[in-house]
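There are 4 protein chains.
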Amino acid sequence: MTDRLRIAVLGASGYTGADLVRLALTHPRVEIAALVANAKAGQSMQAIWPHFAPYPGLPTLVKADDVDWSGVDAVFGCLPHATSAELLSKIDGPRIIDLSADFRLKDAATYAQWYGGAHPAPDLLPGAVYGLTEFARRQLPGAGIIACPGCYPTAVLLALLPLLEARAIAPDRITVNALSGVSGAGRSLKEANLFPEVAEAVHPYGIGQHRHMPEMEQELALRAGRPVTISFTPHLVPMNRGELVTCIVELTASLADARAALEARYADEPFVHLLPEGVAPATRMVRGSNRSVINIFADRIPGRAIVIAAIDNLVKGSSGQAVQNMNLAFGLPETMGLEAAPLFP
Amino acid sequence: MTDRLRIAVLGASGYTGADLVRLALTHPRVEIAALVANAKAGQSMQAIWPHFAPYPGLPTLVKADDVDWSGVDAVFGCLPHATSAELLSKIDGPRIIDLSADFRLKDAATYAQWYGGAHPAPDLLPGAVYGLTEFARRQLPGAGIIACPGCYPTAVLLALLPLLEARAIAPDRITVNALSGVSGAGRSLKEANLFPEVAEAVHPYGIGQHRHMPEMEQELALRAGRPVTISFTPHLVPMNRGELVTCIVELTASLADARAALEARYADEPFVHLLPEGVAPATRMVRGSNRSVINIFADRIPGRAIVIAAIDNLVKGSSGQAVQNMNLAFGLPETMGLEAAPLFP
Amino acid sequence: MTDRLRIAVLGASGYTGADLVRLALTHPRVEIAALVANAKAGQSMQAIWPHFAPYPGLPTLVKADDVDWSGVDAVFGCLPHATSAELLSKIDGPRIIDLSADFRLKDAATYAQWYGGAHPAPDLLPGAVYGLTEFARRQLPGAGIIACPGCYPTAVLLALLPLLEARAIAPDRITVNALSGVSGAGRSLKEANLFPEVAEAVHPYGIGQHRHMPEMEQELALRAGRPVTISFTPHLVPMNRGELVTCIVELTASLADARAALEARYADEPFVHLLPEGVAPATRMVRGSNRSVINIFADRIPGRAIVIAAIDNLVKGSSGQAVQNMNLAFGLPETMGLEAAPLFP
Amino acid sequence: MTDRLRIAVLGASGYTGADLVRLALTHPRVEIAALVANAKAGQSMQAIWPHFAPYPGLPTLVKADDVDWSGVDAVFGCLPHATSAELLSKIDGPRIIDLSADFRLKDAATYAQWYGGAHPAPDLLPGAVYGLTEFARRQLPGAGIIACPGCYPTAVLLALLPLLEARAIAPDRITVNALSGVSGAGRSLKEANLFPEVAEAVHPYGIGQHRHMPEMEQELALRAGRPVTISFTPHLVPMNRGELVTCIVELTASLADARAALEARYADEPFVHLLPEGVAPATRMVRGSNRSVINIFADRIPGRAIVIAAIDNLVKGSSGQAVQNMNLAFGLPETMGLEAAPLFP
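Chains as they are written, first to last, in my numbering: chain Y, -12 to 332; chain P, -12 to 332; chain H, -12 to 332; chain V, -12 to 332.
Derived from the structure by calculation, the hints contain no laboratory data.
Hints should not be assumed to be uniformly reliable.
No copy is singled out in the list; a pair is fine if it fits within one copy or between any two copies.
As the list claims (entries may be wrong) - Here are the simulated BS3-like cross-link-like pairs (lysine-lysine), alpha carbons at most 27 Å apart as the crow flies:
# : residue 1 : residue 2
1 : 93        : 177
2 : 50        : 27
3 : 77        : 177
4 : 27        : 93
5 : 93        : 50
6 : 93        : 77
7 : 77        : 27
8 : 27        : 177
9 : 50        : 177
This one's a predicted model, so the numbers in the text were calculated from it and none came from an experiment.
Chain Y on its own, in the form it takes in the complex (with noise of 0.2 Å):
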């Protein structure tokens, strides 16, 4: 390893390959080797991407085909799924860090089930790791492929694993409710994504079927020790970023115990927020940044709690997180070039 990581981006031109872009552009140890975007390549990346006027000496988008991998440490997947793993599977040399789905199934038939089709590359399942950093933190540093968890998996992990690994609520009847804002759709076209569809507006999307939710069983499962099946209710709301999961769980020990057990796994973390009591997790607490808020309320129903998170969905959901598990990955300090405090307004 150089004094600085040369990294990759697949996938560029959409939103989570623009938002890791906006990142390793203050990372300091981190150097931007290659941007590719197979369907825009020969264009800047001022071209395409408003925000990114005024750094005229980004590198030019290059096919996937057209990167020498030896010089780069690492390769950020920022594609669709299927593409990502096919893509990523015949790169030799740099380290993977996956945001696609692709790698995040431990199991070829599930994946196959959920994403309509035989998974692309399913001898590299068994030694991807699932980067949900907080939670993998010891088998990062040896990784070769990383797979970033999806942007509703990480919200709803981060509320409820330590609760289920304390024992203190079931792994029954777990009901979610997600709020996303629309950049979490990406930026290819389709009408329901244009401004006059979504704005001034809310609806569920994907009821009951969303691919997120064998992600969360699969996690949730694991620290249950048996199977999980979740309910999940994702809606699309009017803003870009932002994500907030609302999750009414059983309780299997007291509320106290049970907030107790949050507060233990998180008092050290750096970019994980258990709120004061009564607080109300919110959006705004985190935008623009790579932070996340929790907190736990009782439920007016008895034996109950919800339990509520809210990160940004292109950083702690996605690019952010991804920056992170490569700090780690390459002994870097884990909050390096992820400092920025939250947006607001």
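Given chain Y's structure and the hints, the job is docking chains P, H and V onto it.
The following block gives chains P, H and V in isolation, referenced to the frame of chain Y:
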């Protein structure tokens, strides 16, 4: 009753009052007799409302004491709770259509517990009709006091009452996650409702203690034949109008039977629409109109269903339903003055 | 003419087409005979429009070739330019009310220059009436083709024509800065109109080359009696509907006389309102309605005035004005079906 | 000076104060010594600001009288005008960086005329440096009082000063149309700034009487060598942050020469970027950053040009420029703590 109903609006300086005036302006059988706003008496509606700029002919705001109630057929209460009952209980003559919370709860003790003070006119409670129009048609014609439901209860009860009545769902563990536009918070001066505080953001509020809970429980219990305790978590969404409730319920019949119960109940309703299977309700389907859309989905957790409803909180959730109630109370066609189609985009 | 006008809408899958259908639904003398959208023929309006979910009775979309035009009294063209004239020129029978740019410019050469191709039906241009309703009332009754003005020209001409006619302003150095909601960009799939691209942001576009310029110049020149060249800079604002134009003009009369000219011209107009002195026009004053608000202010630079107008770009700027023109063309009351008051908040 | 500059923020309960704290949190050479907010003294920053929820270590708010000024190197005034000068004039020791209007105007009489009262400390005016950083570098190092420009003047002056200095435009008939996000209105409780009043809407305000006019005229006149009167019409746009100014100017050189003047002036500036020919400035290019983007276009009216600039009103238009000034005043690298790339989407 003359050719035109002469109405008065108490609280014409608030959002619900203004939306009532907006609807009254084009109602063919309504005449605005008085607009009351004690704190702003003497001002014109144009001075305090931008959208009435083109209506210089609207009556000037007056104090309640200055109204000649003998010439008023119906008075709409668009005031905060407590103030509403106190003022309305002193008015003799016109029928009362109240949009505050004051006449919704049948039990004065419950009112005192949730609204922080003794009820100003408890003797009026037994006679008040709970005006969820679709379930109150028989009582409305003769009603002296009509209590219009809260916005959240309107959406939740439209979604769940037919299912409870058909014994298709259990009255236990009903879990509601709700989303509301900011107009629901009223026009009062709170830092929390300034544009930069809520735009590009989302957060829950009133967790476990929202005042619409006892109201929903009262009406659900009435149909269940026994007490009901629900879970309810509302969230504030950066939009002006619109409300969407996502209800997780335990099925006691098949999903198909549950769906059939909704279909049968709403087949002939002018303002409540069961959507085709698989279509997700959205606030944009009803924006600016008195309509409501509903649908039911299988939950991933076996034995449960997800019932979702959307309304415009200021119309079907407030002023529109009040006009609908007025129409029935005075023998007019139910849809009169409420025909406007939803505004999209 | 039968009791109800039978109308057809070409381009019912676009925003202006949909807003025309919305207005037609409650127009007491209109019947929707056919909804045309070649690319989406065979689909229901519910399938492509959320707000028509409660209207299962709307006609299914058909191809233009499949319409029996003999049963149609008026056809509304809500198609892109060129396509509109090409299709409409082949339709025999119904009167044509076109919302595209195709029949607005009197000079086919100017059309070719600005719209990038020869006019598809130049022989129809002389007979077309430029349908800025308030200035076209005498020509509308017998018109075979009515060209509805563009949204920006509607606002600018309503603001300036009375001043030019009264010789209160000079036709030189007219400078217009304009703001529009995103629905003005149409429903076509462009990355630039995705929610995350335009929310929480503002930018100018089409600087010095917007196609509404020659149209405004044509109509201003007509009143000035000589060629007029204007400056026009439109900006995209993160809102669905609404348009506001801020016009800097050189006074040739006193400000009071200029104001008097506007007052006299619009005193009896049902949809155009001169605001009280000092009140700033705002799009929220007219949202969802066919109304327009105007005011005039002294500029800090002596001898100049600032004239500001606001409309809803989809109503008075498009479909509402089209209905207003239809009413006059067919001898109906001008305001019929357009009475809805503005929606605020 | 110790290793870290110890700063105090007067008015830490307002948006500009909070954004200054946000920037200070990650500035490597700044330590927050005191946060002052007389009305909220005793409260924590977490209690009043959502985005500081993850920063429990921030100092508690105190009254100005309770600060030990001897330990403070620089005090930032983030208070309303008049209050600011009154308070700051009593503080002895630290250098003053004021973000209010109080030290911007050189002429106390002009101040009195526009700000409705005598200046609280007129004797301090001559010594104050007008801190438009790019044009004040020589005066900043020794400055005792730095008056940070208003947000609109920052954008307008960055756009026009190089053109005036190069004699490429005339100082006559400068016409500015400006657009601002709602955070520019501050956090004070005004009905006009409630979410439902401004969302999905746009309107002009302060027409012909905005207080930033004399400030712009003062600085323009300084370069023009004679008095300048400008036209300025600001509009409120439904977004949190961002400001865009569209300036119509009369050219006294060719457009190419004017462009060359901007290019030469800003070639080496870290925060001001002349965009490539034809690219329209947009607020999304600079959101959340200290950067500014500028471009110049031919107007359709011969002999005129349109100069457009965009900034984030809270950063380059306020707190960011204040930090930039602090850096220069204290001999630190100009960009320190201000490197964050723009946040998009």
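**Report entry** Numbers of the earlier hints that this structure fails to satisfy, in rising order
**Finding:** Hints 1, 3, 4 and 5 are the ones this structure does not satisfy, whereas the remaining hints hold.
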